[in-house]
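Q: Taking the hints into account, I'd like the entire structure generated from these sequences.
Numbering (this note's numbering), first residue to last: 16 to 311.
Quick caveat, the hints were computed from the structure, so don't treat them as lab data.
For glycine and all other residues, C-beta sits at the position ideal for the given N, C-alpha and C.
Certain hints may be false.
Stated by the list, open to error - Cross-link-like lysine to aspartate or glutamate pairs, in silico, DMTMM-like; alpha carbons within 25 angstroms at most:
(1) K176 to E77
(2) K135 to E115
(3) K25 to E115
(4) K135 to E156
(5) K176 to E117
(6) K135 to E84
(7) K176 to D142
(8) K135 to D157
(9) K135 to D308
(10) K176 to E216
(11) K135 to D123
(12) K25 to D110
(13) K176 to D160
(14) K176 to E87
(15) K176 to E84
(16) K25 to D230
(17) K25 to D295
(18) K135 to D155
(19) K25 to E117
(20) K135 to D109
(21) K135 to D110
(22) K25 to D109
(23) K176 to D130
Claimed, not checked - DEER-style ranges, computed between Cβ atoms:
(24) E84 to V242: 38 to 44 angstroms
(25) V68 to L252: 53 to 59 angstroms
(26) E244 to P288: 44 to 50 angstroms
(27) T81 to G218: 17 to 23 angstroms
(28) R19 to E84: 28 to 34 angstroms
(29) E239 to E21: 28 to 34 angstroms
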Amino acid sequence: MLMRVEGPVKPGLRMESADGRRLVLMQGGVPVLFARQRVTWYGLHYARTGRYVSPLAPLRAELARTVAEFAEPGSEEWTERWAAHGGAALRAADDGPLHEGEWHLAPDADRWFVDRNWPKLLAHDPDRGHLTWFGYGDPDEDARDLLPLRALSHREAPRVKAYRRQYREGVLPPVFGWWISGLNSPVVLDGHDRLTAALAEGGRPRVLLLSRAMDAARIALWAERPVAEYERRVAALDGPLGPTRVAHVSRQFANTLRSIDQTPAVTRAWPFPGGPAGWDAAVAAHVPGWAPDAER
Numbered sequence: 016m017l018m019r020v021e022g023p024v025k026p027g028l029r030m031e032s033a034d035g036r037r038l039v040l041m042q043g044g045v046p047v048l049f050a051r052q053r054v055t056w057y058g059l060h061y062a063r064t065g066r067y068v069s070p071l072a073p074l075r076a077e078l079a080r081t082v083a084e085f086a087e088p089g090s091e092e093w094t095e096r097w098a099a100h101g102g103a104a105l106r107a108a109d110d111g112p113l114h115e116g117e118w119h120l121a122p123d124a125d126r127w128f129v130d131r132n133w134p135k136l137l138a139h140d141p142d143r144g145h146l147t148w149f150g151y152g153d154p155d156e157d158a159r160d161l162l163p164l165r166a167l168s169h170r171e172a173p174r175v176k177a178y179r180r181q182y183r184e185g186v187l188p189p190v191f192g193w194w195i196s197g198l199n200s201p202v203v204l205d206g207h208d209r210l211t212a213a214l215a216e217g218g219r220p221r222v223l224l225l226s227r228a229m230d231a232a233r234i235a236l237w238a239e240r241p242v243a244e245y246e247r248r249v250a251a252l253d254g255p256l257g258p259t260r261v262a263h264v265s266r267q268f269a270n271t272l273r274s275i276d277q278t279p280a281v282t283r284a285w286p287f288p289g290g291p292a293g294w295d296a297a298v299a300a301h302v303p304g305w306a307p308d309a310e311r
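A: Printed below as a string of structure tokens:
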């Protein structure tokens with residue numbers, strides 16, 4: 016789903032940055048996640064403050080079952096219904112991430128999520144940790160594809176158990192994530208307990224990712240090579256099977272253009288007040304003792 020948002024200029028939930036690859040996710044005036052990119056660009060260190068609050072109201076079981084009755088869970092219609100619900104809720108949120116511009120709220124178009132990485136979240140999700148981007152010698156458990164903004168609940172917690180029942184019934188709503196380019200990772204906007212429930216049942220959650228949409232000029236630039244390749248391939252297809260082959264190539268081309276259109280734009284970050292010194296002071300106040308080695 017593509018959304019055009021007219022405001023605000025500065026959202027309640029936003030990234031802020033300072034020199035030295037210093038990042039912080041703010042919600043209102045409260046830091047909820049500090050992060051520092053490694054100088055090698057192999058990953059980043061992060062620290063959660065425990066102050067994050069979902070900008071969306073809890074999803075009631077009645078709504079989950081109503082949507083499932085409207086459309087087969089996991090189908091395009093089901094996904095569109097949940098995207099519309101999430102988009103409306105985010106527009107109404109005081110401390111959400113939307114700001115002026117165009118946004119996508121849709122399934123993972125770039126196949127970011129790796130199936131083997133999902134189980135790591137329940138086994139390894141420290142409040143202070145490291146995310147590897149490329150693996151180079153980093154612990155295997157640091158290769159995680161989704162960063163929760165608060166500690167995951169126990170799999171036997173009452174709300175998680177209720178969601179586990181919904182998962183078994185096939186009606187569990189999706190997790191809403193937000194792609195943040197500075198982290199090179201999506202974070203969980205809403206649905207921490209739904210995430211835990213799906214994983215506790217040995218399954219995988221359905222995820223709708225929020226991201227800024229690329230502008231038309233950049234989309235056109237990225238599409239130039241695929242368009243030229245498509246035209247070249249179609250021109251070379253003839254013979255009795257030509258129409259069938261053209262149809263196949265055209266479907267591939269349409270998927271490529273769809274992927275380009277939904278590729279996330281760079282996440283906007285605002286300057287952190289006080290620069291590096293202010294960021295260091297905020298770290299000392301909110302996550303005392305956290306001193307990541309970001310110089311390797």
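Q: If a hint holds in the structure, say so; if it does not, say that too.
A: Each hint tested on the structure:
1. K176 to E77: 16 angstroms, holds
2. K135 to E115: 35 angstroms, violated
3. K25 to E115: 8 angstroms, holds
4. K135 to E156: Judged against 25 angstroms, a Cα distance of about 6 angstroms means the pair holds.
5. K176 to E117: 36 angstroms, violated
6. K135 to E84: Outside the cut-off at roughly 32 angstroms; violated.
7. K176 to D142: Roughly 23 angstroms separates the two Cα atoms, so the pair holds.
8. K135 to D157: The hint holds at about 9 angstroms.
9. K135 to D308: Holds - the C-alpha atoms of D308 and K135 are around 23 angstroms apart, at most 25 angstroms.
10. K176 to E216: 10 angstroms, holds
11. K135 to D123: Status holds; Cα separation ~19 angstroms.
12. K25 to D110: With Cα atoms ~10 angstroms apart, K25 and D110 stay inside 25 angstroms; holds.
13. K176 to D160: 24 angstroms, holds
14. K176 to E87: 23 angstroms, holds
15. K176 to E84: Distance ~22 angstroms between K176 and E84 Cα, so the pair holds.
16. K25 to D230: 19 angstroms, holds
17. K25 to D295: The hint holds at about 23 angstroms.
18. K135 to D155: Holds. K135 to D155 sits at ~9 angstroms (cutoff 25 angstroms).
19. K25 to E117: Given that 25 angstroms is the threshold and the Cα spacing comes to 15 angstroms, the pair holds.
20. K135 to D109: 32 angstroms, violated
21. K135 to D110: Violated, at about 29 angstroms.
22. K25 to D109: 11 angstroms, holds
23. K176 to D130: 23 angstroms, holds
24. E84 to V242: 38 to 44 angstroms: With Cβ atoms ~42 angstroms apart, the hint holds.
25. V68 to L252: 53 to 59 angstroms: Distance hint for V68, L252 holds at roughly 55 angstroms.
26. E244 to P288: 44 to 50 angstroms: Check passed, 48 angstroms falls within 44 to 50 angstroms.
27. T81 to G218: 17 to 23 angstroms: Cβ of T81 to Cβ of G218: about 22 angstroms, so the range 17 to 23 angstroms holds.
28. R19 to E84: 28 to 34 angstroms: 30 angstroms, holds
29. E239 to E21: 28 to 34 angstroms: At 31 angstroms between Cβs, range holds.
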